Structure formats: structure tokens, C-alpha cells
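Undergrad: If you're matching positions, the sequence shown starts at 1 in the numbering used here and goes up one per residue.
A couple of the hints might just be wrong.
[Claimed, not checked] Pairs of lysine-lysine, PhoX-like flavour, derived with a Cα cap of 25 Å:
id, residue 1, residue 2
1, Lys52, Lys91
2, Lys397, Lys348
3, Lys200, Lys214
4, Lys420, Lys303
5, Lys383, Lys326
6, Lys303, Lys336
7, Lys365, Lys402
8, Lys402, Lys308
9, Lys256, Lys217
10, Lys217, Lys230
11, Lys202, Lys230
12, Lys334, Lys368
13, Lys308, Lys417
14, Lys303, Lys279
15, Lys402, Lys383
16, Lys276, Lys326
17, Lys365, Lys348
18, Lys214, Lys303
19, Lys230, Lys276
20, Lys217, Lys240
21, Lys365, Lys336
22, Lys308, Lys279
23, Lys240, Lys162
24, Lys59, Lys44
25, Lys200, Lys279
26, Lys348, Lys336
27, Lys59, Lys89
Since the hints were derived computationally from the structure, they do not count as laboratory data. Keep in mind the model is a prediction, meaning the values are calculated, not measured.
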Amino acid sequence: MSIEDLHNLFKKCSGVSTDTRSIGKNELFFSLKGPNFNGNKYAKKAIENGAKYAVVDEKEFAIDERYILVENCLESLQKLSNYHRNKLKVKVIGITGSNGKTTSKELINSVLKTNFKTSFTHGNLNNHIGVPLTLLKINSETEIAIIEMGANHIGEIAFLSKICNPDFGYITNFGKAHLEGFGSEEGVVKGKKELYDYMKGKKGLIFQNNDDHKQIKCVGDYQNVYCFGKSKGDIKYLVKSVNPEIEIKVNETLIKSSLFGNHNVENIMAAVAIGKYFKIDLEKIKIGIEDYISSNNRSQIIKKGSNKIILDAYNANPSSMYAAIKFFENFSEKNKILILGDMFELGKDSNKYHQEIAEYCRNIKDTKIFLVGKLFCSTTRFKEFNYSENIDNLISKGDLSKIKKSYLFIKGSRGIKLEKVIDNI
């Protein structure tokens with residue numbers, strides 16, 4: 001079946017699904033395969049659960065006309081999403097980066113939706129399956145789509161860029177993330193800059209942070225650029241406060257955000273700059289930024305009894321970890337407690353990075369420090385720290401329940417589940 005014919009069938013459906021457990025009535029089901037499952041075996045179940053059609057790639061499962069036989073289900077999903085994106089008159093903003101992708105994407109959407117009908121990546125649907133599913137949620141009313149693209153290997157961003165064909169590109173930053181797949185910091189830069197390489201190839205517009213030297217180097221002498229920065233750019237700004245919530249002044253407008261830390265200043269300013277590029281009034285941009293409240297354990301400020309908690313436990317790598325620690329180190333509060341969890345996907349130098357973080361923390365004054373996870377526990381143990389192999393081990397010690405009238409900063413990879421701390425203090 002041609003992609004055009006498949007698209008015609010897609011238009012008769014209410015949406016797309018790859019999971020029989022959550023499939024909606026009249027959706028188009030794709031029978032994807034994984035290391036331990038064969039989606040073709042669930043095609044019949046998908047139809048029984050309400051799917052209008054099921055796309056399969058093994059002939060024996062094409063029982064009747066409701067089963068659409070293709071050569072490869074995943075490739076068909078990707079090609080269909082690209083075809084659908086290109087059929088619509090929608091502006092697409094592609095976003096990637098080592099840290100801040102999700103926060104930036106959500107801030108940008110919060111700003112743009114004040115003036116446009118938008119569609120954006122929900123959750124972490126930012127890979128070779130998630131990006132196509134996100135594109136297929138765009139409809140004829142959508143004016144701007146914000147697509148997050150994630151990667152842990154060189155070549156992935158180039159591939160995802162071809163699928164979503166962005167008109168605009170923004171890279172949040174280049175940090176020490178997914179080093180296991182990228183191999184090195186140089187590999188991270190090479191992999192992430194594939195978005196800018198794609199934009200240059202199609203003469204699209206790049207949004208650039210003028211305070212990020214790596215970004216400037218990646219953009220080079222390319223001219224189709226819209227910039228923001230503290231001292232130079234199309235949009236200039238002044239940081240008034242990051243203690244803890246961020247206050248930024250753009251022209252004469254003061255924008256107050258519920259987000260914290262210097263690392264979120266640039267996420268906010270990217271949204272401001274993109275809003276200005278699309279000619280949104282600064283007062284509307286202010287509303288979009290100030291209405292945004294982070295969720296999913298990212299950059300949240302929470303009150304629990306007599307304690308205040310800064311929770312940033314969705315993801316962690318050396319770059320974001322240092323940024324968080326330095327922010328909290330300069331934080332002017334008493335009774336500070338820092339709870340750090342392991343950082344994943346760092347490859348052969350994982351132990352080195354955890355050791356460096358632990359040693360850096362030894363210099364932090366007036367702060368009680370808890371280190372959680374097998375990786376931190378495998379480093380040199382310092383007597384002034386509290387070590388736990390996992391979150392349940394930390395909870396069982398009973399130390400958390402004794403915390404009162406304190407300011408906590410919680411940071412770690414989501415697999416460590418540090419959010420459990422909140423229910424135990």
C-alpha cells in the first residue's frame with residue numbers, strides 16, 4: 001500500500017495508537033515490534049478493542065480488509081507522519097539539546113498558544129516512535145507545532161529532522177548527557193548540531209542563544225538566525241533575580257516565573273525570543289511565561305509541612321547536576337539539605353563523574369548532603385555525607401522523617417525515584 005493510500009485511511013480514523021491497552025475507538029493501530037514482543041500478535045486485539053484498522057507487516061495476521069499489510073510497520077508509521085506533516089500548512093519548530101528540552105518546549109507552547117493554535121510534544125515522546133506519533137496529532141487547524149527531538153547516538157537527530165522537517169530549529173545547550181551513546185562531549189555536539197545542519201540545508205531559521213559559545217560556533221556564519229542574549233541579539237534581557245524564582249526584565253517588562261535557577265533563564269528567554277519573532281505582544285508573552293507551571297518532577301518548588309523543596313528529579317547528567325548544585329550553593333537560606341541521585345548513561349567514565357560531583361560537594365558549606373544510588377555508593381565515601389544504595393534504603397533509615405524547617409534540593413535521574421522523598425518528610 002502506498003503512503004498516500006495509507007494517509008487516506010488515516011484520515012478516516014480518530015487517531016493513531018501502538019498500544020492495545022489504551023487504544024481509542026476508530027483509531028489506526030500500528031503493530032510495532034520490540035526485542036521481546038511482536039505487535040502483529042496484538043492486531044486482532046486492537047480491532048476488538050475499537051481500532052478501525054490495524055497495520056501489520058506479517059501476512060498471516062492480515063485476516064481481512066481491516067488489516068493493512070505493509071513491508072515494515074515502523075517505517076510506514078514514520079513515512080506516514082512525514083507525509084502528513086508535509087501536507088499541512090503548519091509551521092514546525094524543532095527542539096533538541098542536552099538539558100532543558102522539555103521545559104523549553106512547554107514554555108514555548110505556553111507563549112505561542114496565547115496567539116496561535118498550537119500542537120506540541122507531550123511527555124517524552126521524542127524518539128523514532130514518539131516524534132511520528134506527535135506529528136500525526138497535528139490537524140488542519142494547527143498553526144504552529146513544537147516538536148521535541150531526543151537522541152543518545154549520532155545520526156538520530158538528523159533522522160528525526162528528516163521526519164518532522166522543521167521550519168525553525170533551536171538547540172537548548174550541549175552538555176554531558178548520554179555520553180554512553182555519543183562517546184564523548186564532542187560526540188554530543190556533533191549529534192545535537194545535526195538539527196542546525198538540517199536547518200542550513202533547507203535554509204530554515206535558527207533561534208540562537210548569543211550567550212552560548214558552543215551554539216554560536218555550531219551556527220557559524222549562517223545568516224538566517226534570530227538571536228537573544230544578555231548584551232547582544234534581536235532580544236536583550238536583564239536577570240533581576242534567581243533566588244529562588246526567576247525574574248527577568250525585557251525592555252521595560254518584568255517577567256516573573258515560578259521556575260528557578262540560572263539554567264532556566266535561557267529556557268525562558270528562548271520562549272520570549274520565539275514569541276517576539278512571531279510578533280506576539282510582550283504582555284502576552286509575560287502571561288504565557290508566568291502561567292507556566294512545571295510538572296513531572298521537573299523544576300518544581302513544593303511546600304511540605306514546614307519544609308520547602310526544590311524538586312528536579314526527572315533527569316540528571318554532569319552538566320545539569322553542576323548547574324543545580326551551584327545554584328543551591330549560592331542560595332541564601334538556612335537549614336539546607338541536598339539530596340542527589342545517580343546519573344545514568346554516562347558510559348565508561350560514569351564512576352569518574354560521580355566521584356567529581358561528590359568531591360565538589362565536600363566544599364559546600366552549611367548543607368547536609370545525601371547521596372543515593374549504587375554509582376554514588378561506589379565512589380570514595382566521605383564521612384560527612386549520608387549514603388544510600390537506593391531510595392527505599394534511604395527511607396528505611398528514618399532520617400527523612402526528622403527533617404523540619406529546612407530547604408531541600410532534590411536532583412537525580414528518574415530511575416532513582418527521588419520524588420519518593422516528598423512523601424517521607
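Undergrad: Determine for every hint whether it applies to the structure shown.
TA: Going down the list of hints, with the structure as the test:
1. Lys52 x Lys91: violated (30 Å)
2. Lys397 x Lys348: With a Cα-Cα distance of about 31 Å, the restraint between Lys397 and Lys348 is violated, given a limit of 25 Å.
3. Lys200 x Lys214: holds (17 Å)
4. Lys420 x Lys303: holds (15 Å)
5. Lys383 x Lys326: It holds: about 22 Å lies between the C-alpha atoms, which stays within 25 Å.
6. Lys303 x Lys336: Cα-Cα ~14 Å, so holds.
7. Lys365 x Lys402: holds (21 Å)
8. Lys402 x Lys308: holds (14 Å)
9. Lys256 x Lys217: violated (31 Å)
10. Lys217 x Lys230: Judged against 25 Å, a Cα distance of about 18 Å means the pair holds.
11. Lys202 x Lys230: This hinted pair is violated, its Cα atoms lying about 29 Å apart.
12. Lys334 x Lys368: holds (11 Å)
13. Lys308 x Lys417: With Cα atoms ~19 Å apart, Lys308 and Lys417 stay inside 25 Å; holds.
14. Lys303 x Lys279: Status violated; Cα separation ~37 Å.
15. Lys402 x Lys383: holds (20 Å)
16. Lys276 x Lys326: Status violated; Cα separation ~31 Å.
17. Lys365 x Lys348: violated (31 Å)
18. Lys214 x Lys303: Distance ~37 Å between Lys214 and Lys303 Cα, so the pair is violated.
19. Lys230 x Lys276: Holds: Lys230 and Lys276 sit about 16 Å apart, inside 25 Å.
20. Lys217 x Lys240: violated (28 Å)
21. Lys365 x Lys336: holds (9 Å)
22. Lys308 x Lys279: violated (38 Å)
23. Lys240 x Lys162: violated (40 Å)
24. Lys59 x Lys44: holds (13 Å)
25. Lys200 x Lys279: holds (23 Å)
26. Lys348 x Lys336: The given pair, whose Cα atoms are some 33 Å apart, is violated under the 25 Å limit.
27. Lys59 x Lys89: With Cα atoms ~36 Å apart, Lys59 and Lys89 exceed 25 Å; violated.
Consistency with the previously given hints fails for numbers 1, 2, 9, 11, 14, 16, 17, 18, 20, 22, 23, 26, 27, ordered from lowest to highest.
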